[in-house]
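> Taken in order, these protein sequences are the chains called A and B.
Just so you know, we're using our numbering here: the first sequence kicks off at 2 and counts up by one.
Just so you know, we're using our numbering here: the second sequence kicks off at 4 and counts up by one.
Calculated from the structure, these hints are not laboratory results.
One or more hints might be untrue.
[To be verified] Calculated pairs, SDA-like style, for lysine to any residue (alpha carbon to alpha carbon, straight line, at most 20 Å):
1. K40/A - P92/B
2. K81/B - R3/A
3. K31/A - R88/B
4. K80/B - G46/A
5. K31/A - P92/B
6. K40/A - S85/B
[Said to hold, decoys possible] Footprint (simulated), chain B over chain A, 3 or more residues, beta carbon under 8 Å:
7. 27 to 40
8. 250 to 263
[To be verified] Among chain A residues calculated to face chain B with C-beta under 10 Å, some are:
9. R3
10. L22
11. T43
12. L44
13. M71
14. G121
15. V123
16. G124
Note that beta-carbon positions come from the ideal geometry of N, C-alpha and C, so glycine has one too.
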Amino acid sequence: MRLKRKDLLGIEDLSREEIELLLTTAASFKEVSEREIKKVPTLRGKTVINLFYEASTRTRTSFEIAAKRMSADAVNISVSTSSVVKGETLRDTARNLEAMRPDCIVVRHASSGTPHMLAGYVGCSVVNAGDGAHEHPSQALLDMLTVRERKGTLEGLKIAIIGDIAHSRVARSNIYGFTKMGSRVTVAGPPTMLPAGMEKLGCSVTSNVEEALKGADVIMMLRIQMERQSESFFPTVREYSRVYGLDEAKLKRAKDDVIILHPGPINRGVEISSEVADGPYSLILDQVTNGVAVRMAIFYLLLGAAKEDQQVQAGKA
Amino acid sequence: MKKIVLDDKAIERALARVAHEIIERNKGTENLVILGIPTRGYHLALRLRKKIEEIEGVTLPVGAVDATLYRDDLAIKKDQPSLKRMEIPPVDGRKVVMVDDVLFTGRTIRAAMNALMDFGRPVAIQLAVLVDRGHRELPIKADYIGKNLPTARKEGVKVHLTETEGVDEVVVEPAPVEGK
Numbered sequence: 002m003r004l005k006r007k008d009l010l011g012i013e014d015l016s017r018e019e020i021e022l023l024l025t026t027a028a029s030f031k032e033v034s035e036r037e038i039k040k041v042p043t044l045r046g047k048t049v050i051n052l053f054y055e056a057s058t059r060t061r062t063s064f065e066i067a068a069k070r071m072s073a074d075a076v077n078i079s080v081s082t083s084s085v086v087k088g089e090t091l092r093d094t095a096r097n098l099e100a101m102r103p104d105c106i107v108v109r110h111a112s113s114g115t116p117h118m119l120a121g122y123v124g125c126s127v128v129n130a131g132d133g134a135h136e137h138p139s140q141a142l143l144d145m146l147t148v149r150e151r152k153g154t155l156e157g158l159k160i161a162i163i164g165d166i167a168h169s170r171v172a173r174s175n176i177y178g179f180t181k182m183g184s185r186v187t188v189a190g191p192p193t194m195l196p197a198g199m200e201k202l203g204c205s206v207t208s209n210v211e212e213a214l215k216g217a218d219v220i221m222m223l224r225i226q227m228e229r230q231s232e233s234f235f236p237t238v239r240e241y242s243r244v245y246g247l248d249e250a251k252l253k254r255a256k257d258d259v260i261i262l263h264p265g266p267i268n269r270g271v272e273i274s275s276e277v278a279d280g281p282y283s284l285i286l287d288q289v290t291n292g293v294a295v296r297m298a299i300f301y302l303l304l305g306a307a308k309e310d311q312q313v314q315a316g317k318a
Numbered sequence: 004m005k006k007i008v009l010d011d012k013a014i015e016r017a018l019a020r021v022a023h024e025i026i027e028r029n030k031g032t033e034n035l036v037i038l039g040i041p042t043r044g045y046h047l048a049l050r051l052r053k054k055i056e057e058i059e060g061v062t063l064p065v066g067a068v069d070a071t072l073y074r075d076d077l078a079i080k081k082d083q084p085s086l087k088r089m090e091i092p093p094v095d096g097r098k099v100v101m102v103d104d105v106l107f108t109g110r111t112i113r114a115a116m117n118a119l120m121d122f123g124r125p126v127a128i129q130l131a132v133l134v135d136r137g138h139r140e141l142p143i144k145a146d147y148i149g150k151n152l153p154t155a156r157k158e159g160v161k162v163h164l165t166e167t168e169g170v171d172e173v174v175v176e177p178a179p180v181e182g183k
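Next up, chain A with everything else stripped away, as it sits in the complex (with noise of 0.2 Å):
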């Protein structure tokens, strides 16, 4: 089986079987990193650089670990300290860091579209960490291994995303993502954050929280970005927290085996409380470690086999 892609950069577009496939790959990846030697040789040689335009502990560290984990060279660049601040375009960085051989870029961008733009301007794979409110491809098949790991399919699953959808490139990647393998999405949050058009993508929208949380399987709590609040979107914190915030009251509507997904970092007391986040039923952590075995298999899907003007005859063959 292959992914016949150069880049992912969306989840909008790969079919529900390429994202079986990622799943799958990425179940069978956890493994590596329980073993006692958390390495497999599986991509030497090949190198892989972070190009990171906005802030990022989890996404930089779990890509950076799972090239590691394969065996490539993981490089970090951090743009405040790079020749961006020198005014260097991102089409000059591209076909610099390109000249340098590297094998994957994975980016992230304020701005949406950017992977898509660099993917044009490389030869190299591109993946997408995080392009503005578009898409974060990597974050939304762990959310999906997460759920299926926990309830054996997404078919049929109830999904309530919760928050600042308009900002969210988590929540449009899990629309895309939870709709095509048959679960139904509602989403709900201020009716400032939800942006006109968001049935279009497939999903139910609401602005009251509890009857997206009626019989919710699984409940995915957004952050509230307080970097990208340069308009007030709710009068206060304190009001968001208590009509938006998810706490043990508002949780006892949904199903009684209900999880609960964030993508971090979670904001303590506004989007959803620490009872919450701490309790039982939350899933923040096992997102965090499937996070690194749904990015070795793109790397694996992406890196591990021959590009077309390599492919040479295998010896079975």
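Since chain A is already given, all that's left is putting chain B on it; use the hints.
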């Protein structure tokens, strides 16, 4: 035309003999671990365990060692092979009998040995195969062989097991016709 070279009875007898040879060579079953290379090698490992249990009354630990991530041909293959079962019982200080269905170039065994070494240090590794078809590319030799089967390099040798294909047989398929 495909040709059946071992039928269910022949496979049964070959495995029974290999089980006896393993016990004889190791002077019993002490300290032994059986590791199959998925998919068919693992099923053969389970069958060998059962045979050894019938003879000696001892149930040996069985595991699976997936060589995929250690293969040397990933970079020249068009498709990535999917990952299989990896379940390795403690091997430090144990004698490991690795089991596979067909021994051909030896490259899978090399990869499986490297994988195994990442999990510990066995005192010895022995190799049992149902079919040795020759054409080695590496200095690797089986300790226990169900059937030596001289083949042409381009012929295909397929092991079918009831667990996976619903029938026990070993078949040889002719080399594909050029230009096809």
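> If a hint holds in the structure, say so; if it does not, say that too.
Outcome of the hint check:
1. Under the criterion of a C-alpha separation no larger than 20 Å, the hint pairing K40/A with P92/B is consistent with the structure, at around 18 Å.
2. Only pairs whose Cα atoms come within 20 Å are accepted, and K81/B paired with R3/A is accepted, the gap being roughly 8 Å.
3. With a C-alpha separation of about 12 Å, the suggested pairing of K31/A with R88/B holds against the 20 Å cut-off.
4. With a C-alpha separation of about 16 Å, the suggested pair K80/B and G46/A falls inside the 20 Å cut-off, and the hint holds.
5. At most 20 Å may separate the alpha-carbon atoms for a hinted pair to count; K31/A and P92/B meet this at roughly 17 Å.
6. As the CA atoms of K40/A and S85/B are separated by approximately 18 Å, the hinted pair is consistent with the 20 Å bound.
7. Taking a C-beta to C-beta cut-off of 8 Å, the region 27 to 40 of chain A contributes 8 residues in contact with chain B, enough for the three needed, and the coverage statement holds.
8. For the region 250 to 263 of chain A, the stated coverage by chain B is not satisfied: 0 residues place a CB nearer than 8 Å to a CB of that chain, which falls below the threshold of 3.
9. The restraint placing R3/A at the interface with chain B holds, with a minimum CB-CB distance near 4 Å, inside the 10 Å limit.
10. Given the 10 Å rule on beta carbons, the hint for L22/A holds: about 8 Å separates it from the nearest Cβ of chain B.
11. A least Cβ separation of about 4 Å between T43/A and chain B falls short of the 10 Å threshold, and the interface hint therefore holds.
12. Checking L44/A against chain B: minimum C-beta separation of about 9 Å stays under 10 Å; hint holds.
13. Restraint check, M71/A versus chain B: the minimum CB separation of about 8 Å is within 10 Å; hint holds.
14. Nearest Cβ of chain B to the Cβ of G121/A: about 25 Å, over the 10 Å cut. The hint is violated.
15. Among the interface hints, the one on V123/A is violated; its C-beta lies about 20 Å from the nearest C-beta in chain B, farther than the 10 Å criterion.
16. At its closest, the beta carbon of G124/A sits 17 Å from a beta carbon of chain B; the interface hint therefore is violated under the 10 Å criterion.
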